Structure formats: structure tokens, C-alpha cells
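Please build the complex by placing chains L and P on the supplied structure of chain R, with the hints as guidance.
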Amino acid sequence: MKVIIAKLDISTKGDPDLINITGEISQTLESSGLENGSLTVFVVGSTAAITSFEYEPGLVQDVRDLFEKLVPREKHYNHDETWGDANGFSHLRAGLQGPSLTIPFEAGKLLLGTWQQVVLAEFDNRPRQRKVIVQLIGE
Amino acid sequence: MKVIIAKLDISTKGDPDLINITGEISQTLESSGLENGSLTVFVVGSTAAITSFEYEPGLVQDVRDLFEKLVPREKHYNHDETWGDANGFSHLRAGLQGPSLTIPFEAGKLLLGTWQQVVLAEFDNRPRQRKVIVQLIGE
Amino acid sequence: MKVIIAKLDISTKGDPDLINITGEISQTLESSGLENGSLTVFVVGSTAAITSFEYEPGLVQDVRDLFEKLVPREKHYNHDETWGDANGFSHLRAGLQGPSLTIPFEAGKLLLGTWQQVVLAEFDNRPRQRKVIVQLIGE
Numbered sequence: 001m002k003v004i005i006a007k008l009d010i011s012t013k014g015d016p017d018l019i020n021i022t023g024e025i026s027q028t029l030e031s032s033g034l035e036n037g038s039l040t041v042f043v044v045g046s047t048a049a050i051t052s053f054e055y056e057p058g059l060v061q062d063v064r065d066l067f068e069k070l071v072p073r074e075k076h077y078n079h080d081e082t083w084g085d086a087n088g089f090s091h092l093r094a095g096l097q098g099p100s101l102t103i104p105f106e107a108g109k110l111l112l113g114t115w116q117q118v119v120l121a122e123f124d125n126r127p128r129q130r131k132v133i134v135q136l137i138g139e
Numbered sequence: 001m002k003v004i005i006a007k008l009d010i011s012t013k014g015d016p017d018l019i020n021i022t023g024e025i026s027q028t029l030e031s032s033g034l035e036n037g038s039l040t041v042f043v044v045g046s047t048a049a050i051t052s053f054e055y056e057p058g059l060v061q062d063v064r065d066l067f068e069k070l071v072p073r074e075k076h077y078n079h080d081e082t083w084g085d086a087n088g089f090s091h092l093r094a095g096l097q098g099p100s101l102t103i104p105f106e107a108g109k110l111l112l113g114t115w116q117q118v119v120l121a122e123f124d125n126r127p128r129q130r131k132v133i134v135q136l137i138g139e
Numbered sequence: 001m002k003v004i005i006a007k008l009d010i011s012t013k014g015d016p017d018l019i020n021i022t023g024e025i026s027q028t029l030e031s032s033g034l035e036n037g038s039l040t041v042f043v044v045g046s047t048a049a050i051t052s053f054e055y056e057p058g059l060v061q062d063v064r065d066l067f068e069k070l071v072p073r074e075k076h077y078n079h080d081e082t083w084g085d086a087n088g089f090s091h092l093r094a095g096l097q098g099p100s101l102t103i104p105f106e107a108g109k110l111l112l113g114t115w116q117q118v119v120l121a122e123f124d125n126r127p128r129q130r131k132v133i134v135q136l137i138g139e
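Here the protein sequences come in this chain order: R, L and P. Residue numbering for the first sequence follows our numbering, starting at 1 and increasing by one per position. Residue numbering for the second sequence follows our numbering, starting at 1 and increasing by one per position. Residue numbering for the third sequence follows our numbering, starting at 1 and increasing by one per position.
With the rest of the complex left out, here is chain R:
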């Protein structure tokens, strides 16, 4: 049993920016040489999240629309007073979706479905440089 960690540096655009990171994650698993275990994807920061969905343009737009409906950008949030950066909606969206996703792997392959991609959701209202942790525990 081993613990292996990798850090992805990803430039985002915000508003929101939904980025398919499945390729990078699969590559991390491949490079690790591990065969069986558990992979955790974790985004550092409180205005981004990790989610998974079928990554195609129609659904990317639907996910944007859903978060706009659940947590509208233009509403006033108390947090907007705290730092004056008007990204209360970003924090709320990120907290609701969550920063972490755990995926099992077997025989060196992630057990994702064919249309199940791992997506970094940048909910901040401006471009960011994100650190995404990919951690593997296995053998």
C-alpha cells in the first residue's frame, strides 16, 4: 500500500468556468503505477468545486443555468460586504457542490462510466490559478 500525491495547476476564467480534468487525472493514475485503490480529487480554495457529469456543450450550459437558478449571481449576499469582492454567490455554489470527489480504480483504470467526466467548477467571478490535488491510496 502506498500514498501518492500529485498537484495540477489549472488556469480558469470564472463566471463559471467548467473544465474537464479527466485526462489529467487518468494520467496521474497511469504514472503512479498503482493498480487497485482509491483516488481523491480535491480543489484547494473556497470558490471552486469538483463535480462530475457528461462533458458536452449542451450540458455544460445546463449546469451553468442550474447554478444561476439555485444561487443567482446578481442577488446581494452578506459576504459581499466582508471583502468587497462581490463573490458571495461563488462561495455558496462551491459549498453546495463540494470540493472533493473519491473514485475507485481497479487494474490501473478509474471506474468511471463512459460519459462520466470529472470537472473542475470554477465559480469565482474572475480568473484564478487553481491547485487541484490528486491523491491515490492503493497498491
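There may be inaccurate statements among the hints.
Copies of the same chain are indistinguishable here, so a pair counts whether it falls within one copy or spans any two.
[What the hints assert, rightly or not] Derived SDA-like pairs: lysine to any residue, alpha-carbon spacing no greater than 20 Å straight-line:
| id | residue 1 | residue 2 |
| --- | --- | --- |
| 1 | Lys-7 | Ala-107 |
| 2 | Lys-13 | Val-60 |
| 3 | Lys-131 | Glu-74 |
| 4 | Lys-75 | Gly-58 |
| 5 | Lys-2 | Val-44 |
| 6 | Lys-109 | Val-44 |
| 7 | Lys-2 | Glu-139 |
| 8 | Lys-75 | Glu-56 |
| 9 | Lys-75 | Ala-107 |
| 10 | Lys-131 | Gly-113 |
| 11 | Lys-2 | Gly-108 |
| 12 | Lys-75 | Gln-27 |
| 13 | Lys-2 | Asn-125 |
| 14 | Lys-131 | Glu-68 |
| 15 | Lys-7 | Val-44 |
| 16 | Lys-109 | Ala-6 |
| 17 | Lys-131 | Ser-11 |
| 18 | Lys-7 | Thr-114 |
| 19 | Lys-7 | Leu-110 |
| 20 | Lys-7 | Gly-113 |
| 21 | Lys-131 | Thr-114 |
| 22 | Lys-131 | Leu-111 |
| 23 | Lys-2 | Leu-110 |
| 24 | Lys-109 | Lys-131 |
| 25 | Lys-131 | Ser-31 |
| 26 | Lys-131 | Glu-106 |
| 27 | Lys-75 | Val-60 |
| 28 | Lys-13 | Pro-72 |
| 29 | Lys-2 | Lys-109 |
Think of the hints as simulated: they come from the structure by calculation, not from any bench. Bear in mind that the values here come from a model prediction, so they are computed numbers and not experimental data.
Just chains L and P, lined up with the frame of chain R:
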């Protein structure tokens, strides 16, 4: 330390179908012989999710109603154009809830509360044959 | 590789009560002596959840407001009939957010962002005594 994996095959009805899989998961833990560690439940596919709640008929209906409110079935989604299978709402519900749940176990027992069941949420609009991965890491 | 478990006992007020438990969790990691691995926070029970956000009073209020919008307290839920304790909304909020969060650690430190706190969300409508499991797998 060991990694053990089991795969449950579960027939679902859709629309949505909320299925209590706590028994199957507990049995997987029991069969493994592991005493202390972490169990991850992961559903393969982008139109189902793993959640947990008190599994009783009233709350099952409330969960259905909540998802109908948050992500209505009859609304038009861009994804519906992509494949013509009209299940944009299924993808959005699944992504919001998430495909994965990690639960610690100790002395061979999952540390769930008495009224805390693990539930496979089939959000697709038709019956599916689902693969649910149960992965244990522990000793 | 080792598995280490700790249990936090936390008194909550309900309605909801959002409690920053980052300090307790970091202390658990420190006491464990582990350097690299994965930490899972899991709340036992079906009316509480684990989330993460920037813990400051404005955003704490925004999170309360968001859950009141998504799952209003005063609406009637079917679950309210089951036990007569009128906390259907608590169960729904807890299920939507989820009971579990997994965070990688490295060199003895959790890889959280500076403004990314771990929060116990008590969604029940009355004070509770909560057990929060902190489980570490690593070396």
C-alpha cells in the same frame, strides 16, 4: 492494509427510483473480514447518484419532490438536444448530488446512524442496470 | 500505512447551527503523527451534514439563507407525519449537502485553502449531541 472491491448489480426503474442499498453494503463489509478502515460507495454512470437519508416512505417522497423542485423534469434542457433522450434533468440531478460517498468503519461495523441509510438515486428517465462499486481500504 | 480514528463530541443548537470544526480536525491530524494520507470527516445521523466554506459571519448567514430558500423550514413535508417531529426540512437539507468530506494531507498538514474551513452543519430543529468521526489513512 488491504484494498477490497465488490460490485453490486442493481436493476432500477427511474423517474426517480430511490433504492436502499445499506444491507448490501454492510454485507460486503462483513464478507471482507476487515475491521477498521474506510468504505467508498461509487455509482458508475452520469444519471445516478449516491445519497443518504432516513429511508421511510414519507421522506422518499420528499426527496423526489425536492429534486422535482430544484431540477424540474418538464423544463427544456440543452442536453436534451444532444442525444434526443430527454434526460437533461437526470444528469443535472445526479451531478448536484454526486456519485460517491465515503463512510468509516470500526470493529467491522459501518459508523452510520440508526436512521442513516445509504441510497442509490436513479435519476434517469427509464429503467437501468446499475453497477455500484463498494471499495474498502483498511485492516 | 495506518488507519486512525477519532471521535469528536459536539453540542449543537439547531435551526441551523453552522460550527467551524477545522481546529479539532487539524489537531486530530497532528496527534496522529501521520505525514501523508487522506482524512475523512463523517457526521453520524441523518439531520446534519459536513460542508466547507469561508467561515465568517456574513457567509454563515448566507448559507443559512440559501438552505432556507432551497428547502424552506415552514413548508409541510411528508416526513413530518412519520414521527411528528416536524424536521422533514432537516433531513432534506442534510441529504442534499451530504455527511462526508475527504481531504488529503501532506507533510502533516491538511491541504485546505486559507479560507476553506470544515463546517459541521446542524440542520435539526433542536439542540443535538453530535458524533463526528475523523478517520485518517496514511503513513
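Reference check for the pair Lys-7 and Leu-110, CA-CA at most 20 Å: within, between, both, or neither?
For Lys-7 and Leu-110, both the intra-copy (18 Å) and inter-copy (14 Å) Cα distances are at most 20 Å.
Which holds for Lys-2 with Gly-108 at a C-alpha limit of 20 Å: within a copy, between copies, both or neither?
both (14 Å within a copy, 16 Å between copies)
Give the relationship of Lys-75 and Ala-107 under a CA distance limit of 20 Å: within one copy only, between copies only, both, or neither.
neither (48 Å within a copy, 41 Å between copies)
My question is about Lys-75 and Gly-58: at a cut-off of 20 Å on alpha-carbon distance, are they close within one copy, between copies, both, or neither?
Answer is between: at 14 Å across copies they meet the 20 Å cutoff, but 25 Å inside does not.
Could you place Lys-2 and Leu-110 in one of the four classes (within, between, both, neither) given a Cα distance threshold of 20 Å?
both (17 Å within a copy, 18 Å between copies)
Reference check for the pair Lys-131 and Glu-68, CA-CA at most 20 Å: within, between, both, or neither?
neither (25 Å within a copy, 32 Å between copies)
For Lys-2 and Glu-139, with the copy left unspecified, which applies at a CA distance of at most 20 Å: within, between, both, or neither?
both (6 Å within a copy, 8 Å between copies)
Given identical chains, is Lys-7 near Val-44, meaning Cα to Cα at most 20 Å, within a copy, between copies, both, or neither?
For Lys-7 and Val-44, the Cα distance is within 20 Å only inside one copy (10 Å; across copies 25 Å).
Within a copy, between copies, both or neither: where do Lys-109 and Val-44 come within 20 Å Cα-Cα?
Close across copies (13 Å), not inside one copy (25 Å); limit 20 Å.
Within a copy, between copies, both or neither: which one fits Lys-2 and Lys-109 at a CA-CA cutoff of 20 Å?
both (17 Å within a copy, 18 Å between copies)
Tell me, please, which holds for Lys-7 and Ala-107 at an alpha-carbon limit of 20 Å: within, between, both or neither?
Only across copies: Lys-7 and Ala-107 sit 14 Å apart there, 23 Å inside one copy, limit 20 Å.
Between Lys-131 and Ser-31, at a C-alpha cutoff of 20 Å, which is it: within one copy, between copies, both, or neither?
Within one copy only: 19 Å inside a chain, 27 Å across chains, cut-off 20 Å.
Comparing the model with each numbered hint stated earlier shows that hints 3, 5, 9, 12, 13, 14 do not hold.
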